[in-house]
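Chemist: Each chain, letter by letter, is given below.
Number of protein chains: 2
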Amino acid sequence: MSGAPRLPPAARAIRQGDRRALARAITAVENDDPAAAPVMRALFPLTGRVPLVGLTGPLGVGKSSLLSALIGLLRERGQRVAAIAVDPSSPFSGGSVLGDRIRLERRPDDDGVFFRSMASRGESGGVAASTREVARLLEAAGFDIIFVETVGSGQVDVAIREIATTSVVVLVPHLGDEVQTLKAGLFEIADVFDVNKSDLPGAELAARDLTELATLGTPRGGWRPRIVRTSTTTPSGIPELWEAVLAHEQFLDSSGARQRGERARLAAEISGRLSSRVGREVRRRLELDAELRELLDRVVAREVDPASAADRLYRDRFRVK
Amino acid sequence: MSGAPRLPPAARAIRQGDRRALARAITAVENDDPAAAPVMRALFPLTGRVPLVGLTGPLGVGKSSLLSALIGLLRERGQRVAAIAVDPSSPFSGGSVLGDRIRLERRPDDDGVFFRSMASRGESGGVAASTREVARLLEAAGFDIIFVETVGSGQVDVAIREIATTSVVVLVPHLGDEVQTLKAGLFEIADVFDVNKSDLPGAELAARDLTELATLGTPRGGWRPRIVRTSTTTPSGIPELWEAVLAHEQFLDSSGARQRGERARLAAEISGRLSSRVGREVRRRLELDAELRELLDRVVAREVDPASAADRLYRDRFRVK
Numbered sequence: 023m024s025g026a027p028r029l030p031p032a033a034r035a036i037r038q039g040d041r042r043a044l045a046r047a048i049t050a051v052e053n054d055d056p057a058a059a060p061v062m063r064a065l066f067p068l069t070g071r072v073p074l075v076g077l078t079g080p081l082g083v084g085k086s087s088l089l090s091a092l093i094g095l096l097r098e099r100g101q102r103v104a105a106i107a108v109d110p111s112s113p114f115s116g117g118s119v120l121g122d123r124i125r126l127e128r129r130p131d132d133d134g135v136f137f138r139s140m141a142s143r144g145e146s147g148g149v150a151a152s153t154r155e156v157a158r159l160l161e162a163a164g165f166d167i168i169f170v171e172t173v174g175s176g177q178v179d180v181a182i183r184e185i186a187t188t189s190v191v192v193l194v195p196h197l198g199d200e201v202q203t204l205k206a207g208l209f210e211i212a213d214v215f216d217v218n219k220s221d222l223p224g225a226e227l228a229a230r231d232l233t234e235l236a237t238l239g240t241p242r243g244g245w246r247p248r249i250v251r252t253s254t255t256t257p258s259g260i261p262e263l264w265e266a267v268l269a270h271e272q273f274l275d276s277s278g279a280r281q282r283g284e285r286a287r288l289a290a291e292i293s294g295r296l297s298s299r300v301g302r303e304v305r306r307r308l309e310l311d312a313e314l315r316e317l318l319d320r321v322v323a324r325e326v327d328p329a330s331a332a333d334r335l336y337r338d339r340f341r342v343k
Numbered sequence: 023m024s025g026a027p028r029l030p031p032a033a034r035a036i037r038q039g040d041r042r043a044l045a046r047a048i049t050a051v052e053n054d055d056p057a058a059a060p061v062m063r064a065l066f067p068l069t070g071r072v073p074l075v076g077l078t079g080p081l082g083v084g085k086s087s088l089l090s091a092l093i094g095l096l097r098e099r100g101q102r103v104a105a106i107a108v109d110p111s112s113p114f115s116g117g118s119v120l121g122d123r124i125r126l127e128r129r130p131d132d133d134g135v136f137f138r139s140m141a142s143r144g145e146s147g148g149v150a151a152s153t154r155e156v157a158r159l160l161e162a163a164g165f166d167i168i169f170v171e172t173v174g175s176g177q178v179d180v181a182i183r184e185i186a187t188t189s190v191v192v193l194v195p196h197l198g199d200e201v202q203t204l205k206a207g208l209f210e211i212a213d214v215f216d217v218n219k220s221d222l223p224g225a226e227l228a229a230r231d232l233t234e235l236a237t238l239g240t241p242r243g244g245w246r247p248r249i250v251r252t253s254t255t256t257p258s259g260i261p262e263l264w265e266a267v268l269a270h271e272q273f274l275d276s277s278g279a280r281q282r283g284e285r286a287r288l289a290a291e292i293s294g295r296l297s298s299r300v301g302r303e304v305r306r307r308l309e310l311d312a313e314l315r316e317l318l319d320r321v322v323a324r325e326v327d328p329a330s331a332a333d334r335l336y337r338d339r340f341r342v343k
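Protein sequences, first through last, are from chains A and B.
Letter by letter, the first sequence follows residues 23 to 343 in our numbering.
Letter by letter, the second sequence follows residues 23 to 343 in our numbering.
I should point out that these hints are in silico values taken from the structure, not numbers from a laboratory.
Check the hints yourself; a few may be wrong.
What the hints assert, rightly or not - Pairwise CB distance ranges, derived in the manner of DEER restraints:
(1) Asp-55(A) with Ala-312(B): 29 to 37 Å
(2) Arg-315(A) with Thr-256(B): 46 to 54 Å
(3) Arg-302(A) with Pro-31(B): 37 to 45 Å
(4) Pro-67(B) with Pro-31(A): 52 to 60 Å
For clarity, every value in this text was computed on a predicted model and none was experimentally measured.
Even glycine gets a Cβ: it sits at the ideal position worked out from N, Cα and C.
Please build the complete structure, drawing on both the sequences and the hints.
Modeler: In structure tokens, the structure reads:
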């Protein structure tokens with residue numbers, strides 16, 4: 023906490039474990055409130071050290087129960103755990119219900135757990151950006167491990183996998199056919215595969231199929247996905263699942279992949295912020311600036327197509343210095 | 023077809039009803055293949071005149087059966103109909119299965135129907151952009167009505183509603199609670215609400231609730247959402263649903279809303295294209311340009327936060343002329 027004395031009051035309160043300050047900052051991030059910027063700026067140097075574990079997978083595979091079980095295990099081990107449930111299905115959601123379920127399972131007096139459900143109406147890129155900032159707030163608030171669970175929408179899953187340090191894809195035994203269609207992209211989507219509901223028939227076969235695929239494929243950046251089997255009813259396999267996550271986190275450190283990954287993520291974050299800002303500026307000017315308005319008029323009249331108009335603007339008005 | 027003689031061969035083939043040329047162009051659009059650009063440019067002046075009807079709603083409300091029924095009705099009336107199923111859940115999808123179902127239901131010799139399933143791995147904005155281009159290809163190929171059905175992911179639903187001329191939200195009777203949570207945003211999400219499976223108990227109540235909400239709210243741009251009830255098993259209500267869509271399309275013309283909407287959509291398309299391009303360019307330069315690389319190094323070292331880095335780049339390297 024070397025920089026602590028220079029922190030603005032809201033950032034200092036978050037550092038000191040003030041839950042209301044944390045919740046307020048998260049809400050500010052979610053609402054794109056400019057008040058969040060100085061807090062994020064002050065806390066950024068204190069972040070980037072803890073595992074950010076993504077849990078994705080189809081609807082109905084039991085991600086929430088699995089998350090509860092993992093949180094239970096980690097609390098027993100004295101770790102402070104935060105979980106963000108990203109609910110992309112709003113306004114048709116079941117996400118806040120999932121959130122409530124996890125909230126109910128934890129002891130209300132346990133301040134080593136924090137749960138937040140994020141419903142987002144924007145683009146998938148926007149959800150990921152907010153989630154990343156909320157994860158930074160949680161890390162600054164002293165949580166040791168941060169989970170991000172998604173409700174199972176492809177776009178958001180991909181976006182979340184891009185911000186996670188370890189990505190767990192949860193499947194169930196009877197998803198055999200889907201696993202076949204995953205073959206091609208198998209190694210791009212997960213560091214750990216979990217066959218959940220492994221008390222159901224076919225679990226062993228599913229795990230063996232996945233293992234075979236993992237053995238045949240070229241490891242991504244030197245990492246071969248681990249395959250584990252869990253059941254939250256028995257329960258079984260939860261420590262093994264966590265061990266697989268930790269193995270990947272250790273691989274990130276020993277291989278240098280963590281640094282490379284973090285650099286790529288930060289580069290994507292900077293370019294994403296810049297391109298959103300340029301987009302907003304262009305939209306504003308398309309109505310206010312006479313030359314741009316005239317160009318839009320010509321597109322509306324279908325004399326110029328949108329791609330050519332964008333090319334022209336890029337060349338004449340927005341060329342990168 | 024005034025511009026026809028000047029069309030490039032691929033565009034001319036699409037105009038003349040060549041299905042293979044159409045399929046190739048769609049694939050090129052999906053793959054971001056630069057070969058698509060001249061075709062899209064040539065066909066753009068021929069587009070923007072037909073209804074683009076979005077069908078969105080939660081999973082399991084029967085959107086695919088409804089789409090089949092609508093296509094059946096419109097074919098009886100001699101209309102040429104194309105449908106795009108946007109499957110955002112890839113790689114965990116059920117979308118291509120939906121696609122196959124609809125394909126099977128149409129007569130294989132009917133060239134007045136075209137169906138295409140689009141699985142997208144990119145951002146929701148990217149899916150919407152591709153869908154809009156595919157819709158233009160379909161219009162240029164002579165289809166009179168274009169449907170876009172989504173599998174029920176919030177992000178993509180919103181994106182599709184933004185490109186549709188008429189947006190139909192499909193619900194079922196037992197979604198009463200969800201309708202309550204929709205209240206606030208009710209008028210932003212649909213031009214037509216359809217209570218499908220209206221043979222189930224509660225349909226009348228659900229429709230009445232929606233009607234009441236629609237009556238109480240302020241109409242969006244002068245349009246008060248229509249509420250209809252359908253069943254694809256009976257079947258019933260399909261002509262009434264289509265009538266509600268047409269009523270909205272007529273409203274768009276008589277009120278001037280079509281022109282305003284198209285202008286806003288084209289402005290968003292231009293700014294979206296420009297901001298993606300800027301984003302790609304910045305990502306490239308963050309590794310190649312010494313000054314930008316140094317800035318990224320400082321962000322990686324956590325001396326500068328990503329928001330400040332993006333602000334600096336915007337100020338110093340992108341000042342808009």
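Chemist: If a hint holds in the structure, say so; if it does not, say that too.
Modeler: Outcome of the hint check:
Checked against the hint of 29 to 37 Å, the pair Asp-55(A) and Ala-312(B) passes, with Cβ atoms roughly 35 Å apart. For the hinted restraint 46 to 54 Å between Arg-315(A) and Thr-256(B), the CB-CB distance of approximately 51 Å keeps it satisfied. A beta carbon spacing of about 40 Å between Arg-302(A) and Pro-31(B) agrees with the range 37 to 45 Å that was offered as a hint. Taking the beta carbon of each, Pro-67(B) and Pro-31(A) are about 58 Å apart, inside 52 to 60 Å as hinted.
Comparing the model with each earlier hint shows no violations; every hint is respected.
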